[in-house]
Amino acid sequence: MAESASVASLSIQQLQDMITNTIRAQYGGPLQSTLMYSKPYNKRIDNLHMPVGYQPPKFQSFDGKGNPKQHAAHFVETCNNAGTNGDLLVKQFVHSLRGNAFDWYIDLAPESIDG
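Our numbering numbers the first residue of the sequence shown as 1 and each following residue consecutively.
No wet-lab data here; the hints were simulated from the structure. We put the beta carbon where it would ideally sit given N, CA and C, even for glycine. Watch out, some of these pointers could steer you wrong.
As the list claims (entries may be wrong) - Below are the SDA-like pairs computed for lysine to any residue, each with C-alpha atoms no more than 20 Å apart in a straight line:
no., residue 1, residue 2
1, K39, M50
2, K91, N47
3, K43, G99
4, K39, N100
5, K65, D103
6, K91, Y105
7, K58, P68
8, K65, G99
9, K69, N81
10, K91, S61
11, K39, Q92
12, K91, D63
13, K91, I45
14, K91, Y54
15, K91, H74
16, K39, Q14
17, K69, I113
18, K39, D107
19, K58, K91
20, K39, N67
21, K91, H49
22, K39, H95
23, K43, G86
24, K65, F102
Stated by the list, open to error - Ranges between beta-carbon positions, derived for each pair:
no., residue 1, residue 2, range
25, H95, M36, 19 to 25 Å
26, V52, N21, 20 to 26 Å
27, G83, N47, 16 to 22 Å
28, N21, G53, 33 to 39 Å
29, Y54, N21, 25 to 31 Å
30, D63, S38, 30 to 36 Å
31, G99, K69, 16 to 22 Å
32, N100, V52, 34 to 40 Å
33, N80, V52, 31 to 37 Å
34, R98, L48, 19 to 25 Å
35, A109, V52, 29 to 35 Å
36, M36, N80, 32 to 38 Å
37, Q60, D17, 17 to 23 Å
From just these sequences and the hints, can you work out the full model?
This is the structure we're talking about:
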């Protein structure tokens, strides 16, 4: 049980870092230029399956204009309350983004997130 808690903690920090970097990416940070989209997380995470009967919660949307730390905390709590934790958070994160934050996410380097 302690191991899954540490994975969840790493994912929380990783999500907070990703959201914080959204703003940096908007204001002069180099973005990956490609016509092909590749998921930013590795194949191990991509191959994870949501639990049987999982119903995705309604996520609070983040567009890069609010407080990224608050969004990350709300996202993690929403997922945990729905029975999602650890690396599954990484797969769900994109569903909470829109606008500039979503643009930032799709410009992340392929397989740059390894949980």
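To see whether the hints hold, each was checked on the structure:
no. : hint                   : verdict
1   : K39 - M50              : 17 Å, holds
2   : K91 - N47              : 10 Å, holds
3   : K43 - G99              : 26 Å, violated
4   : K39 - N100             : 17 Å, holds
5   : K65 - D103             : 13 Å, holds
6   : K91 - Y105             : 12 Å, holds
7   : K58 - P68              : 18 Å, holds
8   : K65 - G99              : 10 Å, holds
9   : K69 - N81              : 18 Å, holds
10  : K91 - S61              : 15 Å, holds
11  : K39 - Q92              : 12 Å, holds
12  : K91 - D63              : 18 Å, holds
13  : K91 - I45              : 7 Å, holds
14  : K91 - Y54              : 13 Å, holds
15  : K91 - H74              : 16 Å, holds
16  : K39 - Q14              : 16 Å, holds
17  : K69 - I113             : 18 Å, holds
18  : K39 - D107             : 9 Å, holds
19  : K58 - K91              : 15 Å, holds
20  : K39 - N67              : 25 Å, violated
21  : K91 - H49              : 10 Å, holds
22  : K39 - H95              : 13 Å, holds
23  : K43 - G86              : 15 Å, holds
24  : K65 - F102             : 12 Å, holds
25  : H95 - M36: 19 to 25 Å  : 21 Å, holds
26  : V52 - N21: 20 to 26 Å  : 34 Å, violated
27  : G83 - N47: 16 to 22 Å  : 19 Å, holds
28  : N21 - G53: 33 to 39 Å  : 34 Å, holds
29  : Y54 - N21: 25 to 31 Å  : 28 Å, holds
30  : D63 - S38: 30 to 36 Å  : 23 Å, violated
31  : G99 - K69: 16 to 22 Å  : 18 Å, holds
32  : N100 - V52: 34 to 40 Å : 35 Å, holds
33  : N80 - V52: 31 to 37 Å  : 18 Å, violated
34  : R98 - L48: 19 to 25 Å  : 24 Å, holds
35  : A109 - V52: 29 to 35 Å : 32 Å, holds
36  : M36 - N80: 32 to 38 Å  : 33 Å, holds
37  : Q60 - D17: 17 to 23 Å  : 19 Å, holds
Hint violations for this structure: numbers 3, 20, 26, 30, 33, all remaining hints satisfied.
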